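Student: Taken in sequence, the protein lines are chains Y and E. With our numbering applied, the first sequence covers 1 to 273. With our numbering applied, the second sequence covers 1 to 608.
Note that these hints are calculated values from the structure, not bench results. Remember, predicted model here, so these are calculated numbers, not experimental data. Check each hint, because a few of them may be wrong.
Unchecked claim - Simulated restraints on C-beta separations:
#1 E:LEU472 to Y:GLU228: 54 to 64 Å
#2 Y:GLU137 to E:SER62: 31 to 41 Å
#3 E:GLN328 to Y:GLU137: 39 to 49 Å
#4 Y:PHE150 to E:VAL193: 29 to 39 Å
#5 Y:ILE245 to E:ARG482: 55 to 65 Å
#6 E:ASP436 to Y:PRO46: 21 to 31 Å
#7 Y:GLU228 to E:PHE130: 54 to 64 Å
#8 E:ILE470 to Y:ILE245: 36 to 46 Å
#9 Y:PHE150 to E:PRO439: 54 to 64 Å
#10 Y:GLU76 to E:VAL465: 28 to 38 Å
#11 E:TRP455 to Y:GLU228: 32 to 42 Å
Yeah, the Cβ is synthetic: ideal placement off N, Cα and C, and Gly gets one too.
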Amino acid sequence: MTRPALRRVTMLVLSGAMAAVPVLSQDEELPVVTEAQPADGPPAAPEPAELWVNGNAAYEAGDFGRAVALYRAMRETGIDNGHLHYNLGNAYLRAGELGRSIASYRRALELLPRDEDASANLTFARRSARDEIAPPEPPVLLRTVLFWHFSLAPVEVLRSAVLVGLGFWIVLAFRLYRPASEVLRWTAVCLLVAGLALAGSLVAHAAFSSPVAVVLPQEIDLHAAAGEGSVVRFQLHAGTEVRVIEQRPEWIRIELPDGERGWSMREYLEIVE
Amino acid sequence: MDVSTRGWSLDWRRAAVLVAWTFFLVPIGADAQEPDRIQVTVDRNQVALGDQLYLTIRIEGSPDEPPALPELPDFRVLSRGERRDMQIINGRVSNSTSYNYLLIPMRAGSFEIGPATAVIDGAEVRSRPFAIQVSAGADQNDEQDRDLFVTATVSTDRPWQGQQVVYTWRFYSRVPVGQGSIESMDFGSDVVVEDLGDVRQFSTSIDGVQYSVNEVRKALFPQRSGEVTLPQTQLRVQVEVEQARRPSRRRSIFDEFDSLLGSGGRWATKYLLTEPLTLAVRPLPPPPAGWNGLVGDFDIRASLSRRELQVGQSATLEVRVGGSGNVQLLTEPDIPELPAFKIYPDQPDASIDRSGTELTGRKVFRRALVPLVAGPLDVPPIDLVYFDPELGDYATRSTEPIDLDVNPAEGEEELMLTESLAPTTGKVAVRILADDILPIRRAAAGIVSVAPQGWRLWVWFACGVLPPFIYLALLAHHRRERRYAADRTLRRRQRALRDALSMARKLRSGAGPASAAEASRIVRGYVGDKLGVEGSALTPSEAEAALVRVGVDGAMAARCRALLERLEAAQYGLAPVAGGGGLAAETSTEGLSDLIRTLDKQLRGRQA
Chain Y
1 MTRPALRRVT MLVLSGAMAA VPVLSQDEEL PVVTEAQPAD GPPAAPEPAE
51 LWVNGNAAYE AGDFGRAVAL YRAMRETGID NGHLHYNLGN AYLRAGELGR
101 SIASYRRALE LLPRDEDASA NLTFARRSAR DEIAPPEPPV LLRTVLFWHF
151 SLAPVEVLRS AVLVGLGFWI VLAFRLYRPA SEVLRWTAVC LLVAGLALAG
201 SLVAHAAFSS PVAVVLPQEI DLHAAAGEGS VVRFQLHAGT EVRVIEQRPE
251 WIRIELPDGE RGWSMREYLE IVE
Chain E
1 MDVSTRGWSL DWRRAAVLVA WTFFLVPIGA DAQEPDRIQV TVDRNQVALG
51 DQLYLTIRIE GSPDEPPALP ELPDFRVLSR GERRDMQIIN GRVSNSTSYN
101 YLLIPMRAGS FEIGPATAVI DGAEVRSRPF AIQVSAGADQ NDEQDRDLFV
151 TATVSTDRPW QGQQVVYTWR FYSRVPVGQG SIESMDFGSD VVVEDLGDVR
201 QFSTSIDGVQ YSVNEVRKAL FPQRSGEVTL PQTQLRVQVE VEQARRPSRR
251 RSIFDEFDSL LGSGGRWATK YLLTEPLTLA VRPLPPPPAG WNGLVGDFDI
301 RASLSRRELQ VGQSATLEVR VGGSGNVQLL TEPDIPELPA FKIYPDQPDA
351 SIDRSGTELT GRKVFRRALV PLVAGPLDVP PIDLVYFDPE LGDYATRSTE
401 PIDLDVNPAE GEEELMLTES LAPTTGKVAV RILADDILPI RRAAAGIVSV
451 APQGWRLWVW FACGVLPPFI YLALLAHHRR ERRYAADRTL RRRQRALRDA
501 LSMARKLRSG AGPASAAEAS RIVRGYVGDK LGVEGSALTP SEAEAALVRV
551 GVDGAMAARC RALLERLEAA QYGLAPVAGG GGLAAETSTE GLSDLIRTLD
601 KQLRGRQA
């Protein structure tokens with residue numbers, strides 16, 4: 001009775017692992033991109049690889065506006081990854097759009113939180129911001145205690161949670177036939193704790209992360225109320241990052257670290273979720 | 001009449017009181033009819049240098065803007081805020097605003113404080129001018145009469161350019177003082193300033209009067225010749241002002257506690273200024289060769305770690321340069337050519353002593369000398385050129401020549417240098433000259449979306465969702481297997497109905513012996529499975545009894561027995577007990593299924 005049951009569980013685990021293997025190695029199955037000659041204009045139906053190569057070529061050639069256009073075209077095809085946002089940030093910065101470059105670097109770091117290059121470029125870009133306002137960042141203590149939450153991208157957290165969950169259920173299945181095994185018991189406990197931590201991180205990402213807005217124009221007015229006729233309370237300058245506390249179709253309410261609040265027109269800010 | 005008389009009497013008294021009040025109030029009212037709308041007052045108009053006085057500008061009403069102070073070039077003016085007052089006199093409300101200032105006289109003399117002006121209700125008003133007498137600061141002979149005073153002295157007022165001048169600032173006090181801070185001790189760009197230790201505290205006696213002294217020393221190095229003025233140094237200090245008490249009253253023990261706890265009096269702020277000092281800096285004469293800017297009293301010494309060594313071995317030459325003066329400029333003196341040696345410089349050791357009464361320092365320069373030839377060699381004297389302020393001229397000090405004996409090497413030359421004597425020239429901090437962003441990414445990872453798409457998305461979804469359900473299915477299967485293992489008849493009981501119905505569906509129609517035998521086996525098999533016995537061994541009577549035993553009603557059990565009997569008869573070719581047409585109907589698939597279902601329902605009801 002026991003051996004056939006174990007065989008069945010083993011088969012189940014193997015089938016699950018086989019299903020997971022292609023997922024784990026997806027980054028290794030990348031399409032090979034060959035260098036293409038930069039075209040005069042964006043192709044009619046461009047492939048992402050073509051846009052990527054042409055965008056990089058335009059950047060290297062110093063045509064930063066075109067590089068921005070090609071990278072943005074990639075985004076419109078549905079491609080979304082940290083490397084693309086990183087390159088977009090570089091192109092924006094070279095093109096003189098400080099606010100958009102900071103927003104792009106922030107998005108790159110959302111997807112590649114341990115990327116040192118993106119972090120260095122964001123620091124470089126922030127030095128050009130005129131306002132002496134610290135960007136909204138969680139406290140160091142929180143970042144240290146909840147290191148997995150801040151060191152992993154949401155997608156990485158999701159994948160880790162799925163794999164940990166899979167491992168947890170597999171270990172539980174084995175425990176049906178080896179109930180006395182202490183190794184299986186503590187493995188299950190550890191996986192459960194890890195799974196709960198990761199699930200908590202997912203919930204925090206989904207529910208508690210407040211959006212951040214980056215100022216785009218050189219100077220904007222922050223009003224006391226949502227309306228152009230309202231009193232201008234203070235001004236902000238390009239590249240300043242602020243916390244968004246309320247959004248309306250045309251207006252956004254932001255808050256500074258010292259608690260000062262103001263309304264700005266939505267077109268003057270780029271929101272980084 | 002009485003009433004009227006009493007009334008008149010009361011009116012008379014009231015009139016008398018009114019007359020008396022009028023007598024006292026009229027002069028005041030007359031005086032107040034033409035008040036100065038702006039008044040400038042001082043708490044005293046005779047002060048000594050180093051003391052201060054409070055100036056108050058009081059303006060009746062609400063001025064449009066703060067008043068303009070009169071020209072006060074001979075005073076240092078500090079604002080001390082403003083105060084608004086409201087008075088109600090005889091039902092008349094009056095407002096006034098007082099602006100307070102602290103004046104610290106900068107020099108002695110008689111000064112006229114010009115009018116202050118203010119704009120009230122659009123009209124400009126002016127105060128009356130008045131005079132203030134500032135007496136010269138107390139000299140050393142008068143110091144014993146003062147509770148607090150500051151002094152500033154220099155070690156010499158005719159220094160040479162670059163010579164060390166020790167500036168000594170002292171604060172003398174013989175009354176309790178609170179917090180104090182030196183608010184300005186800026187000597188300008190004409191002198192280089194070095195601190196000489198922390199604030200020193202000591203007691204001293206001046207003409208028999210004991211003072212507590214706080215002393216600050218600075219080493220000043222004039223950087224240009226000519227007159228260099230050292231500005232005044234200002235001290236702000238909290239001074240306890242003793243509460244007024246009767247002279248006859250003796251101090252009680254509570255006064256001592258008050259003093260201990262610091263609540264015996266109130267504190268007042270005093271500003272003390274030193275006199276400005278002027279240095280007549282003398283220019284240096286034209287320098288000789290080898291002078292590198294040293295001014296002061298310096299010495300130079302040289303020593304060699306070994307006087308006898310072999311060719312290829314090393315000895316450390318140590319040159320010590322030190323003294324008092326502008327020791328920041330101590331550099332390695334020129335060492336004469338030593339062609340008979342290989343020379344390896346080492347890092348110098350430097351130390352500057354600021355704890356003494358003047359700035360002193362020394363530097364030790366080391367070089368590893370490796371003789372290249374055998375024989376008597378010598379290190380010639382090393383000269384140090386500096387300007388001696390005492391002499392008023394440049395001086396040169398030299399080391400003694402050092403002789404050493406160098407023996408031929410045993411075998412090949414072997415350099416016995418230590419690691420620290422590597423030919424380094426000193427380390428410097430890395431300076432970031434420029435910064436830029438890091439280059440773009442070219443890897444193909446840039447064209448792959450982070451979020452899984454297509455079939456990968458479904459794989460991830462399945463991995464996330466299915467495992468719990470698969471586990472639950474496994475759990476149910478596991479538990480059922482355990483139940484089967486614990487009760488070996490359970491599986492037969494649970495499968496009895498299903499197996500019987502399945503066999504009934506395959507039953508061949510007809511009333512022949514084969515069909516009868518098959519139908520009999522189905523019914524016996526079902527009863528046997530349900531009751532946990534071997535069904536084929538049951539006789540019709542045993543089957544009826546067993547069914548009745550487990551709760552099947554008698555009619556149903558009898559029907560079952562009768563059917564089995566008829567089937568047995570048909571199986572062996574005997575005449576059926578009942579009609580043959582009835583048997584065919586009972587042994588049909590439908591008939592058997594109906595019987596077995598009815599039986600199963602009753603059995604299940606009883607077992608439940």
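Student: Hint says 28 to 38 Å; check whether the CB-CB distance for GLU76 of chain Y and VAL465 of chain E agrees.
Tutor: With Cβ atoms ~31 Å apart, the hint holds.
Student: With respect to the beta-carbon atoms only, verify the hint that GLN328 of chain E and GLU137 of chain Y lie 39 to 49 Å apart.
Tutor: Since GLN328 of chain E and GLU137 of chain Y have Cβ atoms about 44 Å apart, the given range 39 to 49 Å holds.
Student: Does the beta carbon distance between ASP436 of chain E and PRO46 of chain Y stay inside 21 to 31 Å, or does it fall outside?
Tutor: Holds: the Cβ-Cβ distance is about 30 Å, inside 21 to 31 Å.
Student: Does the Cβ pair LEU472 of chain E, GLU228 of chain Y satisfy 54 to 64 Å?
Tutor: holds, 60 Å
Student: Take a look at whether the Cβ-Cβ distance between ILE470 of chain E and ILE245 of chain Y falls inside 36 to 46 Å.
Tutor: holds, 45 Å
Student: Just tell me: holds or violated, for the beta carbon distance of GLU228 of chain Y and PHE130 of chain E against 54 to 64 Å?
Tutor: Holds - the Cβ-Cβ distance for GLU228 of chain Y and PHE130 of chain E, about 58 Å, lies within 54 to 64 Å.
Student: Range first: 31 to 41 Å. Now tell me if the beta carbons of GLU137 of chain Y and SER62 of chain E are that far apart.
Tutor: violated, 49 Å
Student: That 54 to 64 Å hint for PHE150 of chain Y and PRO439 of chain E (C-beta), does it hold up?
Tutor: Since the Cβ atoms of PHE150 of chain Y and PRO439 of chain E sit about 26 Å apart, the hinted range of 54 to 64 Å is violated.
Student: Does the hinted range 32 to 42 Å hold for TRP455 of chain E and GLU228 of chain Y at CB?
Tutor: violated, 51 Å
Student: Do ILE245 of chain Y and ARG482 of chain E keep their Cβ atoms within the hinted range of 55 to 65 Å?
Tutor: Because 58 Å falls inside the window, the suggested range holds.
Student: Is 29 to 39 Å a correct range for the gap between the Cβ atoms of PHE150 of chain Y and VAL193 of chain E?
Tutor: Taking Cβ atoms as reference, PHE150 of chain Y and VAL193 of chain E lie about 49 Å apart, which means the hint is violated.
Figure legend: structure checked against the earlier numbered hints; hints not met, in rising order: 2, 4, 9 and 11.
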